[in-house]
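Given the sequences, and given the hints that come with them, work out the whole structure.
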Amino acid sequence: MILRRLVSRYSARIQVAAFALASILSMFMLTGCDELYSVDIRYPLRTDWMVEKLPTLQPTRFNPPGVLPLYVLDNPDTTLFGPDRTLLKTEAEEKKIIFDPRLLGNESKELLSQSLRELAGRPRNPKIDLHGSKYDEINSKIVSQLKLDRKTLSEGSKLYRRHCLHCHGVSGDGRGPTGVWVNPPPRDYRQGVFKFTSSSQGPGERKPRREDLKRVLLNGIEGTSMPSFHLLKPEEIEALASYVMHLSIRGQVEFVTTLDLVREEQDRKDGKPVEDSGQKIYERVRETAQTIVEQWLKAQDSEIKPANVPQYKSEDERIESAARGFRIFSTKEQGGCIQCHVNVGRDAPLYYDAWGTVVRPRNLYLNQLRGGRRPIDLYWRLHAGINGSGMPAVVTNESELAQKEQWLWDLVSFIQLVPYRDKRVAIQAKLDEMQKNLPPAQRLKLPVD
Amino acid sequence: MTQLWPVALIGVLAVAAAGYGMYVLFPGLVKPRWSYFFGVTLAIELGLFLVAPLLGWWLPKGVSTYSDSVDALFYGILAVTGVTFVGVSIAFTWALFRYSADPNRRSTYTHGSHKLELIWTAVPAAVLLVLSVVQIPAWLKVKNTDWLKQAFAKGRTEDGKRFLQMEVVGRQWEWRIRYPGSKHYAEWMEAKSALDDVRLKLPARPDDVRMVNEIHCFKGQKVLIHLRTQDVLHSFFLPQMRLKQDALPGKTIPVWFEATEANCHKEGNGWKTGVRYDADAREWKKDDAYLWELTCAEFCGARHSLMRGRVYVHETEEDFLDWLKAQEMSQGAMTP
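Here the protein sequences come in this chain order: A and B.
For the first sequence, the positions run 1 to 449 when the numbering used here is used.
For the second sequence, the positions run 450 to 785 when the numbering used here is used.
FYI, nobody ran anything at the bench for these hints, they're computed from the structure.
Predicted model, so just to flag it, every value in this text is computed and none were measured.
C-beta atoms are modelled at their ideal positions from N, C-alpha and C, and glycine is treated no differently.
It cannot be assumed that every hint is accurate.
Unchecked claim - Okay, derived cross-link-like pairs now, DSS-like style, lysine-lysine, Cα gap no bigger than 25 Å in a straight line:
1. Lys313/A with Lys774/B
2. Lys715/B with Lys214/A
3. Lys214/A with Lys721/B
4. Lys510/B with Lys715/B
5. Lys233/A with Lys721/B
6. Lys668/B with Lys590/B
7. Lys233/A with Lys735/B
8. Lys774/B with Lys632/B
9. Lys671/B with Lys700/B
10. Lys313/A with Lys430/A
11. Lys632/B with Lys313/A
12. Lys404/A with Lys305/A
13. Lys650/B with Lys603/B
14. Lys715/B with Lys233/A
15. Lys603/B with Lys641/B
16. Lys671/B with Lys650/B
17. Lys632/B with Lys430/A
18. Lys774/B with Lys214/A
19. Lys510/B with Lys693/B
20. Lys305/A with Lys774/B
21. Lys734/B with Lys233/A
22. Lys109/A with Lys53/A
What the hints assert, rightly or not - Facing chain A, a subset of chain B residues (Cβ under 8 Å, in silico):
23. Leu474
24. Pro655
25. Asn662
Below, the structure is given as structure tokens:
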């Protein structure tokens with residue numbers, strides 16, 4: 001009763017108040033959101049399958065849109081994938097090359113999560129800090145050589161949130177909301193594996209140089225959903241590269257430690273004797289981090305530099321080089337590329353890669369070179385392979401380089417020219433000329449159309 | 450200057466709220482007339498519109514051969530709609546003021562007026578008819594590719610001049626641009642070679658130069674763009690050239706422009722844009738009006754707003770070739 005009287009008496013003022021409130025609210029809405037992550041957001045712990053070695057079995061189809069890699073392992077629905085689920089399960093349970101981090105006990109998870117937070121901070125305040133006087137030297141190198149200081153990283157985190165998060169995810173897992181809808185899927189940084197690198201390290205420890213990350217950011221990746229961030233300022237690109245390094249180091253430390261812990265857990269379950277290293281998770285995380293940071297440091301100044309870059313004096317010489325390249329491409333003892341790139345990649349079968357996604361060796365007729373189309377890009381791809389994809393390196397140790405350098409450049413010519421029909425005709429003519437003296441069975445034929 | 454947008458919007462809202470508040474809070478002082486509210490809002494809108502050019506919210510510099518005719522058309526239409534806007538606003542506000550609620554007045558009813566209806570139908574129809582005729586020359590200038598057809602017929606380009614061709618491919622969310630290599634560019638001196646490329650929509654070659662989000666051309670040269678898209682609809686928009694064309698999946702659409710001013714020069718190893726040549730001082734001076742854009746003008750997905758690039762117009766053909774050769778070198782063409 002009283003309320004009603006009050007309302008009727010002050011109805012005019014209530015109207016004004018409501019109008020003012022609506023105006024203020026709309027002003028708030030116009031100002032937009034905060035650029036920073038909220039303080040209580042943490043990097044989530046890994047919960048998805050971990051591929052330690054490439055599964056050798058061949059998948060029957062690509063992942064359908066909206067489905068995460070290795071989704072079949074969690075989903076009993078076999079209608080979509082046929083026998084893939086059974087095959088992968090065998091791979092996980094018998095060969096022990098695919099692991100499930102969800103097997104980890106709660107106590108270990110809590111400890112791991114804390115140690116990682118001390119190592120890498122939170123999305124709002126990212127850092128890479130190994131703590132302790134033992135690690136002073138490496139800590140200073142992290143700042144001076146890898147540019148992973150807190151200021152750059154927090155700048156990077158802001159930019160990452162705006163530009164990259166929606167595909168690459170908070171922890172760099174490639175599982176952001178839009179990430180599952182694009183094929184090929186966005187890179188999952190958490191294994192420390194990057195496809196397009198130019199450093200000369202061994203296959204297991206190869207890390208990208210800063211230039212490699214920046215090149216991808218600036219040019220985008222043709223044929224994928226990664227766009228170019230050409231208009232960002234140079235310092236913004238630097239900050240983003242630093243932040244990607246940070247996510248990758250954090251992710252890989254988590255990957256390696258979790259894998260060890262899960263393996264121990266499995267052994268314990270199987271009744272095998274488990275060697276108790278007596279090491280606390282906290283210490284393990286630090287030591288793993290040290291190894292990984294050292295790999296990153298080493299990568300920065302170990303660029304693969306070709307000994308000599310050929311200069312072709314005429315188009316004819318280049319065609320000849322490409323024709324030689326096709327022979328190397330098709331000869332098992334030399335390049336042997338044709339084993340996976342069947343019919344120059346046009347009939348290539350499917351494979352699993354290191355992230356559990358389904359990939360197909362490139363169809364070279366399509367003229368779509370994701371790692372870049374400069375000769376040096378192709379040279380790097382051939383020299384060191386494409387990490388994580390199953391594409392092996394042509395040069396496995398430096399002593400072979402002298403012999404194989406010419407092969408590499410011939411292959412580069414071949415890859416550059418093969419997409420064009422008129423060049424294919426010319427290559428075939430050159431091949432016919434080169435193979436005149438060979439017995440017919442050994443003569444190669446390039447499919448022109 | 451663009452940051453002033455929310456301020457202006459909030460200002461309009463605040464003044465409107467204050468006016469409304471005034472006549473609710475002090476009914477004796479201000480008569481509850483909607484005419485105040487709408488009159489003030491419309492006056493502010495008109496005011497904002499008049500000061501907009503001073504704040505830099507206006508057309509960017511027009512630098513193509515047809516930008517003047519596009520602008521003339523814009524100003525013509527603006528004059529017609531501006532006069533209409535002011536007239537309608539005044540009539541509207543006056544009607545609200547004059548005929549606001551009055552308990553002492555009897556209402557009257559009319560039942561249509563043949564004469565009035567004829568006038569308000571015929572006048573806009575006439576205006577639209579005039580506009581649609583007036584715009585034809587400007588439209589022809591931009592969209593007509595008769596010069597191309599003539600060149601086809603004659604087997605040579607206009608005055609024997611070559612035109613620069615490039616392919617622009619839009620995709621979510623960037624522009625990928627393909628230029629012919631310098632060697633091939635030299636072949637375009639022969640009209641037949643150039644026209645063959647037009648006919649074949651610029652076929653790909655191993656020595657092509659590929660760029661992302663950067664259009665390079667030079668002053669006083671017709672640039673023919675073969676516009677394509679890899680995924681969804683995009684719209685190729687060069688605001689300074691007054692050129693806009695939708696890219697349709699599955700189609701290669703020819704568009705052209707010719708820049709009348711240059712905006713970049715070589716500085717060290719790179720090319721710097723956003724500079725203007727000062728003929729008196731004989732040097733390049735920094736000028737933000739000379740930072741020319743390439744954007745997407747058709748909503749194409751989440752990052753549509755970031756799908757933009759830069760337009761570099763070189764001063765002379767030599768400068769352009771200098772750039773092209775540098776790109777060829779850095780992209781590692783291995784044949785001389």
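Verification of the hints:
1. Lys313/A with Lys774/B: Holds - the C-alpha atoms of Lys774/B and Lys313/A are around 17 Å apart, at most 25 Å.
2. Lys715/B with Lys214/A: Given that 25 Å is the threshold and the Cα spacing comes to 23 Å, the pair holds.
3. Lys214/A with Lys721/B: holds, 20 Å
4. Lys510/B with Lys715/B: holds, 22 Å
5. Lys233/A with Lys721/B: holds, 14 Å
6. Lys668/B with Lys590/B: OK: Lys668/B and Lys590/B at ~18 Å, within 25 Å.
7. Lys233/A with Lys735/B: Measuring from Cα to Cα gives roughly 18 Å; hence the hint holds.
8. Lys774/B with Lys632/B: holds, 9 Å
9. Lys671/B with Lys700/B: holds, 22 Å
10. Lys313/A with Lys430/A: OK: Lys313/A and Lys430/A at ~17 Å, within 25 Å.
11. Lys632/B with Lys313/A: holds, 14 Å
12. Lys404/A with Lys305/A: holds, 14 Å
13. Lys650/B with Lys603/B: Given pair Lys650/B, Lys603/B holds - Cα atoms ~19 Å apart, limit 25 Å.
14. Lys715/B with Lys233/A: It holds: about 19 Å lies between the C-alpha atoms, which stays within 25 Å.
15. Lys603/B with Lys641/B: Roughly 10 Å between the alpha carbons, so the hint for Lys603/B and Lys641/B holds.
16. Lys671/B with Lys650/B: holds, 16 Å
17. Lys632/B with Lys430/A: holds, 23 Å
18. Lys774/B with Lys214/A: Roughly 23 Å separates the two Cα atoms, so the pair holds.
19. Lys510/B with Lys693/B: Holds - the C-alpha atoms of Lys693/B and Lys510/B are around 15 Å apart, at most 25 Å.
20. Lys305/A with Lys774/B: Status holds; Cα separation ~23 Å.
21. Lys734/B with Lys233/A: Holds, at about 21 Å.
22. Lys109/A with Lys53/A: Status holds; Cα separation ~23 Å.
23. Leu474: Constraint on Leu474/B satisfied, holds at 6 Å.
24. Pro655: holds, 6 Å
25. Asn662: holds, 4 Å
Violated hints for the displayed structure: none, as all numbered hints are satisfied.
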